Amino acid sequence: MEELKQRFQVARWIAEELAGIIRKEEQAELEAWRKESQANELEYQELQQECLEGHYVNPYPEGEVARQWKRFAARNKYPRLFFRNWYRYAVLVVLLVGVAGILKWKVGVKPEVLRPDLLAIPIAQGTPLLRLENGMTMMLDDSSVLFRGEALPGVRLGEGMIDYRQTDDRIGEEIYNTLIIPKGGEFRIQLADGSQVWLNSETELRYPVRFSGKERRVFLKGEAYFEVARNAQKPFVVTTSGGVDVSVLGTKFNVTSYDNDEQVMTTLAEGCVEVGNGQKTVRLQKEEQALFHKEQGSFQVQKVDVDLHLAWKEGKFIFEEQSLEQIMKQLQRWYEMNVFYTNEEVKHYTFSGNLKKYDDFDKIVRMLEEVAGIQISIKENCVIIGMK
Amino acid sequence: MNMFKTGNTEFKVFFESFFIPICRFIGKYTEEKEVVDIAQEVFVKVYEKWKEFDSSENARAFLYTSARNLCLDFIKHKKAESHYLSEFARQDIAADPVFLKEVTRQETFRILHAAIDCLPPQSRQIIQLCMEGLSNAEVGEKLGISVNTVKTLKKNAYFTLRRLLSKEYLVLLLILLGDFQV
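Same order as they appear, the protein sequences are chains A and B. All residue numbers for the first sequence refer to our numbering, where the first residue is 1 and numbers rise by one. All residue numbers for the second sequence refer to our numbering, where the first residue is 1001 and numbers rise by one.
Bound conformation, chain A alone (with noise of 0.2 Å):
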């Protein structure tokens, strides 16, 4: 058993090394697990030669995993029912799976029925804009020539990304950019400390071009994940559209404040920060989240799983025990859609998922209707929620 656990972890530096991100350590010891024996060696290079030809590219077609998903639920669905009667059932089981067989065999597949009315709804696509001090704004797409020329001095464009260098330390007025990320975007900066912040969609962040006063300011609508830079002279702070400061000297962390949100959040992934709104204050420690509420104006923290909070940054939306109504109102700000719901009720029904964010907003949809016995009915870009 040792053997083969150590076989995971050789094949995890294998995969590590070919993607180039391997680290010193690790590669030593998968340089000593070649030395090991001459078979050790032949099979690292017989590995990377496949790895190179592309032979980690899944060779069955799209889909064939749902479909074996959905045979798999079929057949366990009731768990300890099945197992307990596991011998009776098992014969049971090979029977109807055989006769299966032979019917889709004559009868031949089914292709899915499209749902055409679906189709509407696109993902939102948006151009990140920037706004300088003078109130001059612009597009931030690869039309931005100017801006690769290096128009703005210290400033580069990258894909998806903005990177301001500190030119130089003399302390001066401080001069304030903004970038503004629509429906569907996202957007990372690097700001002149070198701090990183990644901004969700429909989100504006307000910053200095420089960092030049005692503390480093940044002014957030939206969400937003930060990873500071420390610097235990300038305290980051970021100023929060819903009525809360978040002050830090250097560490990981996500806030959202979006205006139609009832509460700000702030996840705190590494370090540790503190929320407050001028009267009070908390601190967070690692993997906590506080919760402001606008209209009381009070702090509630709790625990967390900080990987549910950060999944947008991947392009994943990962939601735990939401309701359907907040579930909706994130999937907004990446489609292009208004929703409507034709029962109160429904707004409740709670959920758990993991969707892409580039998924088809149809297959979300079928989902939803198939697990929550609800209606959706889409006319152009209106999505209507209802009772089944």
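Please keep in mind that the hints were generated in silico from the structure rather than gathered at the bench. Being a predicted model, the structure only gives us computed values, none of them experimental. Errors might be hidden in some of the hints.
Said to hold, decoys possible - Restraint-style ranges between C-beta atoms, simulated for each label pair:
id, chain 1, residue 1, chain 2, residue 2, range
1, B, Gln-1122, A, Val-237, 33 to 39 Å
2, A, Lys-183, B, Lys-1151, 47 to 53 Å
3, B, Asn-1069, A, Asp-259, 18 to 24 Å
4, B, Lys-1045, A, Val-57, 26 to 32 Å
5, A, Gln-296, B, Ser-1146, 49 to 55 Å
6, A, Pro-61, B, Ser-1146, 34 to 40 Å
7, B, Ala-1137, A, Lys-70, 43 to 49 Å
8, B, Leu-1143, A, Asp-259, 56 to 62 Å
9, A, Gln-279, B, Ser-1146, 49 to 55 Å
10, A, Asn-260, B, Lys-1151, 53 to 59 Å
11, B, Ala-1137, A, Pro-61, 34 to 40 Å
12, A, Lys-379, B, Glu-1052, 48 to 54 Å
To be verified - Residues from chain B that face chain A, not an exhaustive set, calculated with beta carbons under 10 Å:
id, residue
13, Arg-1024
14, Phe-1043
15, Val-1103
16, Arg-1105
17, Arg-1110
18, Leu-1112
19, Ile-1145
Backbone N, C-alpha and C fix where the C-beta goes; we use that ideal spot for every residue, glycine too.
Fit chain B to the known structure of chain A by using the hints.
Using the frame of chain A, we list chain B on its own:
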């Protein structure tokens, strides 16, 4: 953080991540037409034991071992077409070089595929070309973008890959797999 809960959600993610690797693994032992059926049986076995695993490593070890055993059983019942394979069935796992080699292969493919697949299309292309040994300049020329863009995209892609691979496997998989779960 323990992502290895006993719920069905985690099992579904596990199924989705490992179904194809297991099919490929089984494919080394037997003919194509039975592969999927054996894979289904393998996952039934894993599901029975699901609550007992305390790490993804143990689950994976059990998964590959069961796959092997089921394949060998299957071959035996099929009246051992190949003498070599029935010999092979008597050996224990540690002394079975084919088994370990196959596990390593499928695991490498799986990790690489999962990580690279979640990069945006252009970054993915760049990483693949770099893996083939092309220089930044050559990649830029091939894709019609500047060397600097290649460098930036590459840097971002490495950043993402490193983040993805630095996590515990199942956490990685949970994030990578964009399927809806109840």
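Can you list which hints this structure breaks, lowest number first? 2, 3, 8 and 10
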